[in-house]
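Colleague: Position chain B relative to chain A; hints supplied.
Chains A and B, in that order, are what the protein sequence lines are.
My numbering applies: residue 1 is where the first sequence begins, and numbers increase by one.
My numbering applies: residue 1 is where the second sequence begins, and numbers increase by one.
In short, the hints are calculated from the structure, not lab data.
It is possible that some hints are incorrect.
Keeping only pairs whose Cα atoms sit at most 20 Å apart, straight-line, the calculated SDA-like set for lysine to any residue is [claimed, not checked]:
| no. | chain 1 | residue 1 | chain 2 | residue 2 |
| --- | --- | --- | --- | --- |
| 1 | B | LYS42 | A | LEU39 |
| 2 | B | LYS56 | A | GLN100 |
| 3 | A | LYS11 | B | LYS42 |
| 4 | B | LYS42 | A | ALA88 |
| 5 | B | LYS42 | A | PRO8 |
| 6 | A | LYS78 | A | PHE65 |
| 7 | B | LYS71 | B | ILE50 |
| 8 | B | LYS42 | A | SER95 |
| 9 | A | LYS15 | A | GLY85 |
| 10 | B | LYS42 | A | PRO101 |
| 11 | A | LYS17 | A | ILE112 |
| 12 | A | LYS17 | A | GLN100 |
| 13 | A | LYS17 | A | ASN62 |
| 14 | B | LYS105 | A | ASP106 |
| 15 | B | LYS105 | A | GLY59 |
| 16 | B | LYS68 | B | ILE111 |
| 17 | B | LYS105 | B | TYR32 |
| 18 | A | LYS78 | A | PRO101 |
| 19 | A | LYS17 | A | ALA88 |
| 20 | B | LYS105 | A | ALA88 |
| 21 | A | LYS11 | B | ASN22 |
Which bits of chain B does chain A cover? Going by a derived footprint, with three or more residues having C-beta under 8 Å, they are [said to hold, decoys possible]:
| no. | segment |
| --- | --- |
| 22 | 42-53 |
| 23 | 104-111 |
Here the structure is a predicted model, which is why all the values come from computation and not from measurement.
Ideal Cβ placement from N, Cα and C applies to all residues, glycine included.
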Amino acid sequence: GAGVSQTPSNKVTEKGKYVELRCDPISGHTALYWYRQSLGQGPEFLIYFQGTGAADDSGLPNDRFFAVRPEGSVSTLKIQRTERGDSAVYLCASSLTVDQPQHFGDGTRLSIL
Amino acid sequence: GESVGLHLPTLSVQEGDNSIINCAYSNSASDYFIWYKQESGKGPQFIIDIRSNMDKRQGQRVTVLLNKTVKHLSLQIAATQPGDSAVYFCAEKLRGGADGLTFGKGTHLIIQP
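One chain only, chain B, in its complex shape:
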């Protein structure tokens, strides 16, 4: 099975609300995690990353939280805007392993007006 997965395939939120997208991973050997946003017909766009020596990292309107105890990763988007509508993927890289990323299936974020 996949080592990275998402709890919900679709998430619908009201414009202006905060969004939280979750990701579970099963490989404790992973030491780097990254979130991507993918719009229809486009390639994945880098949002934010975090290494396993950190629990939280903030960017512009986004925060990534890493809970290594339960192998859980989340992406928080503040004040969600229509342009945030997309599919969001989390991905991991194994410590000392292959340098390619392992992606989950993605969560489709839908912004309601």
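Chain A extracted, bound-state conformation:
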């Protein structure tokens, strides 16, 4: 079956621009997570959705980052006024319920020039 799908796979943009990263979770998965992974590091938690609501956004680094999941399926991570330090791989994961294993997509590699 289809796994977690993330688009685009790569995004290059200039400092100060706005970007949107999309995540299509596994069908039927109610929980959706965003992580950020820097080179040589493990993923770092950003935000968790249960259904349409952000149940935990404690990992978002600042108010330039926000995410939505309006219909409880697809989610978009939005970054305003991008900075070079935002360059990383942004990973999305979903799980059937919050107590089940999280399954990851292949991520969006974001490069801020």
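Modeller: Positioned in the frame of chain A, the structure of chain B alone reads:
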């Protein structure tokens, strides 16, 4: 500091041998642990998980051991194959805490022919 870490950044084993990847965690409030395999350019792939009410869990060619006394987690891979070459991450979730996973830095497993 990180609550989850790995003892060795790189592990080299002969094809056909068994591999053991170790992970130390410091937060006794963690009650769920999970191992992921990540290949270059891909997202983390779920291998196996274990809850704190268990000491051992087996999957296909993999076994996870949990020692709560010394806060240690290990992943054993039997009869290592070239396709097992990847970075392996352990991750934890805190009991009653945020629903995002906390990852360690990872161990790079290299399979020698």
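Colleague: For every hint, state whether the structure bears it out.
Modeller: Cross-check of the supplied hints:
| no. | hint | in the structure |
| --- | --- | --- |
| 1 | B:LYS42 - A:LEU39 | holds, 13 Å |
| 2 | B:LYS56 - A:GLN100 | holds, 18 Å |
| 3 | A:LYS11 - B:LYS42 | holds, 16 Å |
| 4 | B:LYS42 - A:ALA88 | holds, 13 Å |
| 5 | B:LYS42 - A:PRO8 | holds, 14 Å |
| 6 | A:LYS78 - A:PHE65 | holds, 6 Å |
| 7 | B:LYS71 - B:ILE50 | holds, 13 Å |
| 8 | B:LYS42 - A:SER95 | holds, 18 Å |
| 9 | A:LYS15 - A:GLY85 | holds, 10 Å |
| 10 | B:LYS42 - A:PRO101 | holds, 18 Å |
| 11 | A:LYS17 - A:ILE112 | holds, 9 Å |
| 12 | A:LYS17 - A:GLN100 | violated, 36 Å |
| 13 | A:LYS17 - A:ASN62 | holds, 16 Å |
| 14 | B:LYS105 - A:ASP106 | holds, 18 Å |
| 15 | B:LYS105 - A:GLY59 | holds, 17 Å |
| 16 | B:LYS68 - B:ILE111 | violated, 30 Å |
| 17 | B:LYS105 - B:TYR32 | holds, 18 Å |
| 18 | A:LYS78 - A:PRO101 | violated, 25 Å |
| 19 | A:LYS17 - A:ALA88 | holds, 15 Å |
| 20 | B:LYS105 - A:ALA88 | holds, 15 Å |
| 21 | A:LYS11 - B:ASN22 | violated, 35 Å |
| 22 | 42-53 | holds (count 6) |
| 23 | 104-111 | holds (count 3) |
Hints 12, 16, 18, 21 from the earlier list are contradicted by this structure; the remaining hints agree with it.
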